Amino acid sequence: MNDGLTDLYQEVILDHSRHPRNFGPSENADRSARGNNPLCGDRVTVFLNLDGDEISDAQFDARGCAISLASASMMTEMIKGKSIEEAKALFEKFYALVTGENGLEAGPDLAELETLSGVKDFPTRIKCATLAWQAMVAALDGTDEDVKTE
Amino acid sequence: MATNAIVTPAFDVERVRQDFPILSEEVYGKPLVYFDSGASAQKPRAVIDAISNVYETEYANVHRGVHYMSQKATDAMEAARETVRAFINARDIREVIFVRGATEGINLVASSWGRQNLLAGDEIILSVLEHHSNIVPWQLIAEQTGAVLKVVPVSDDGALDMNAYADLMSDKTKMVAITHVSNALGTIAPVEEIIRIAHERGVPVLLDGCQAAPHMALDMQALDVDFYVFSGHKIYGPSGIGVLYGKAELLEAMPPYHGGGEMIDVVTFEKTTYADLPFKFEAGTPHISGIIGMGAGIEYINALGLENIAAHEHELLEYGTTKLSEINSLKIIGTAPEKTAILSFVLETVHPHDVGTILDREGIAVRTGHHCAQPIMDRFDIAATIRASIGMYNTRDEIDVLVAGLGRVQEIFGR
Numbered sequence: 001m002n003d004g005l006t007d008l009y010q011e012v013i014l015d016h017s018r019h020p021r022n023f024g025p026s027e028n029a030d031r032s033a034r035g036n037n038p039l040c041g042d043r044v045t046v047f048l049n050l051d052g053d054e055i056s057d058a059q060f061d062a063r064g065c066a067i068s069l070a071s072a073s074m075m076t077e078m079i080k081g082k083s084i085e086e087a088k089a090l091f092e093k094f095y096a097l098v099t100g101e102n103g104l105e106a107g108p109d110l111a112e113l114e115t116l117s118g119v120k121d122f123p124t125r126i127k128c129a130t131l132a133w134q135a136m137v138a139a140l141d142g143t144d145e146d147v148k149t150e
Numbered sequence: 001m002a003t004n005a006i007v008t009p010a011f012d013v014e015r016v017r018q019d020f021p022i023l024s025e026e027v028y029g030k031p032l033v034y035f036d037s038g039a040s041a042q043k044p045r046a047v048i049d050a051i052s053n054v055y056e057t058e059y060a061n062v063h064r065g066v067h068y069m070s071q072k073a074t075d076a077m078e079a080a081r082e083t084v085r086a087f088i089n090a091r092d093i094r095e096v097i098f099v100r101g102a103t104e105g106i107n108l109v110a111s112s113w114g115r116q117n118l119l120a121g122d123e124i125i126l127s128v129l130e131h132h133s134n135i136v137p138w139q140l141i142a143e144q145t146g147a148v149l150k151v152v153p154v155s156d157d158g159a160l161d162m163n164a165y166a167d168l169m170s171d172k173t174k175m176v177a178i179t180h181v182s183n184a185l186g187t188i189a190p191v192e193e194i195i196r197i198a199h200e201r202g203v204p205v206l207l208d209g210c211q212a213a214p215h216m217a218l219d220m221q222a223l224d225v226d227f228y229v230f231s232g233h234k235i236y237g238p239s240g241i242g243v244l245y246g247k248a249e250l251l252e253a254m255p256p257y258h259g260g261g262e263m264i265d266v267v268t269f270e271k272t273t274y275a276d277l278p279f280k281f282e283a284g285t286p287h288i289s290g291i292i293g294m295g296a297g298i299e300y301i302n303a304l305g306l307e308n309i310a311a312h313e314h315e316l317l318e319y320g321t322t323k324l325s326e327i328n329s330l331k332i333i334g335t336a337p338e339k340t341a342i343l344s345f346v347l348e349t350v351h352p353h354d355v356g357t358i359l360d361r362e363g364i365a366v367r368t369g370h371h372c373a374q375p376i377m378d379r380f381d382i383a384a385t386i387r388a389s390i391g392m393y394n395t396r397d398e399i400d401v402l403v404a405g406l407g408r409v410q411e412i413f414g415r
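As you go down the protein sequences, you meet chains D and C in turn.
The letter at position 52 of the first sequence is residue 52 when you use the working numbering, and the numbering goes up by one with no holes.
The letter at position 343 of the second sequence is residue 343 when you use the working numbering, and the numbering goes up by one with no holes.
Everything labelled a hint here was simulated from the structure, so no lab data went into it.
Here the structure is a predicted model, which means the values were calculated and not measured.
Please note that a few of the clues may not be correct.
What the hints assert, rightly or not - Partial list, derived from the structure: chain D residues whose beta carbon lies under 10 angstroms from chain C:
1. 8
2. 9
3. 11
4. 14
5. 17
6. 20
7. 21
8. 39
9. 65
10. 66
11. 69
12. 115
13. 122
14. 125
15. 137
To be verified - Far from chain C, some chain D residues (derived; all Cβ distances over 10 angstroms):
16. 85
17. 93
18. 140
A virtual CB, placed ideally from N, CA and C, is assigned to each residue, including glycine.
With the hints as constraints, model all of the structure from the sequences given.
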């Protein structure tokens, strides 16, 4: 049955959602930001440690669906060791991947994040995949206000 | 009894389904299975036709010009007001105010009645079951007046804690605003007792009837309720129209909510006198086709018989409760003894959104999320539920499709 569901819920995604990496609140983060999805009540908080311009550690705490947990979990793995600039650029590419927007190159350096590409066929779920990323950017920018999905 | 009597079923769901054109639509190549009537009900042909008929044969502005079409539209709209009055057994058509929906009705009462009657320290009693539309308007007026909100809790099955309600009632209580039926759980509140206890202290009661009006007979005079609101789109009529019922003596004492045309008697720049009820609260050109369409929805319900509809839905509730209870790892949220046909549930290991997406691909429309009732979600320490809300056109077969869909969820997440 090809209804996109097995593309959306790939095993690696289920694995990340069941065993999220870098999961739980952080006591000593340099930066943190919360994301809320007012439509569904899902919440995520992203915690970052910075060493100069480099993200030395990333953690998250959340309640949410498989897509949002997997996306947040993969994100924390991917941005560790990256510069602020690189992390933001990665979000741009990830955003292009999950929205399927023309004109934006998804790029080969997305690695495991590629498994979330199935989201583009489920428009109502894009915000699930991007919420943690928006919180990450807000944490880097030092925004005080909670991030909300549009 | 004659032996050859023909037994006609009180309610023939297959015939009812034929009245709803959208039910023959397909979703991802599968028949639409619509279990989201609690959010908004689908429309029967009678309502769709009534709305087009307005624009094709009887449309003009109402309560204005002397011309033929204006009179025809006015007559049709006012006939719908009488249909609503009879539907809820109000004493007088002056007590039937047309609003955009239940939300506007509650805002009207909170704002107009509240500004006139609430002082700092006064208390408004709500319940933890409330939809945000019966919380936020009261918070807004509380901020302006210094009034305080008090919240009736529920027990673990989702039934209101009536002892706590009686304890919350005090000399400071000025209003009780409670949902008749919970949209998230289906719990039916013991409204007669709620009203009796409030009236012992002379406190008025507003009931949010959005989830009650499609499923049970309403009688404003027998209930002796002070304000009652419901929305047209949940009783198989169009969206953007609803009803505020209020006792005439309360409505007469309240200041207007919106100012404009139709709600006036005489206007000069020095002073304006207001029109009589119901027009005092109906500023501006109303949703004419919506009102007539809502009237057609009520007539459609009346023709089938609300008791027959309720019996059919209750049978599906029992069948669905049994079938869902057989699923391991599924927990029904809201098991009060008195409830309407709402099946709200969670799965142990799969988030409601993921369930909703998978069911959607099976053609099944359910609501997933907090149902605009975050306090009751917090009460059960969950972020969201999956809600299958049953309407008059649902069938046992559709419950089976839902159960099979949940099997697909477990298959995908069981890998």
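Hint-by-hint comparison with the structure:
1. The interface hint given for residue 8 of chain D holds, since its Cβ lies 7 angstroms from the closest Cβ of chain C, which is under the 10 angstroms cut-off.
2. The beta carbon of residue 9 of chain D comes within 5 angstroms of a beta carbon in chain C, closer than 10 angstroms, and the hint placing it at the interface holds.
3. The closest approach between the C-beta of residue 11 of chain D and any C-beta of chain C is roughly 6 angstroms, which is under the 10 angstroms cut-off, so the hint is satisfied.
4. Interface restraint check: residue 14 of chain D against chain C, minimum CB-CB distance 7 angstroms, threshold 10 angstroms, status holds.
5. This hint holds: residue 17 of chain D has a C-beta 8 angstroms from the nearest C-beta of chain C, less than the 10 angstroms allowed.
6. Checking residue 20 of chain D against chain C: minimum C-beta separation of about 13 angstroms lies over 10 angstroms; hint violated.
7. For residue 21 of chain D, the suggested interface contact is broken, since its CB lies about 18 angstroms from the closest CB of chain C, more than 10 angstroms.
8. Because the beta carbon of residue 39 of chain D sits about 6 angstroms from the nearest beta carbon in chain C, less than 10 angstroms, this interface hint is met.
9. For residue 65 of chain D, the interface hint holds, the least distance from its beta-carbon to any beta-carbon of chain C being 4 angstroms, beneath 10 angstroms.
10. Here the hint on residue 66 of chain D is kept, as its CB sits about 5 angstroms from the closest CB of chain C, short of 10 angstroms.
11. Annotation: interface hint on residue 69 of chain D holds; nearest CB of chain C at approximately 8 angstroms, less than 10 angstroms.
12. Below 10 angstroms, beta-carbon pairs count as interface contacts, and residue 115 of chain D has none with chain C, the closest being about 14 angstroms; its hint is therefore violated.
13. Interface hint status for residue 122 of chain D: upheld, as the beta-carbon distance to the closest one in chain C is roughly 6 angstroms, under 10 angstroms.
14. A cut of 10 angstroms between beta carbons decides the hint on residue 125 of chain D: the least distance to chain C is about 6 angstroms, and the hint holds.
15. With 10 angstroms as the threshold, the beta carbon of residue 137 of chain D stays out of range of chain C, its nearest partner Cβ sitting at about 23 angstroms, so the hint is violated.
16. Listed as a non-interface residue, residue 85 of chain D keeps its Cβ farther than 10 angstroms from every Cβ of chain C; the least gap is roughly 32 angstroms.
17. Distance check for residue 93 of chain D against chain C: the nearest CB is about 24 angstroms away, which clears 10 angstroms, and the non-interface claim stands.
18. With a least beta-carbon separation of about 26 angstroms from chain C, residue 140 of chain D lies farther than 10 angstroms from that chain, consistent with its non-interface assignment.
In this structure, the hints that do not hold are numbers 6, 7, 12, 15, in rising order.
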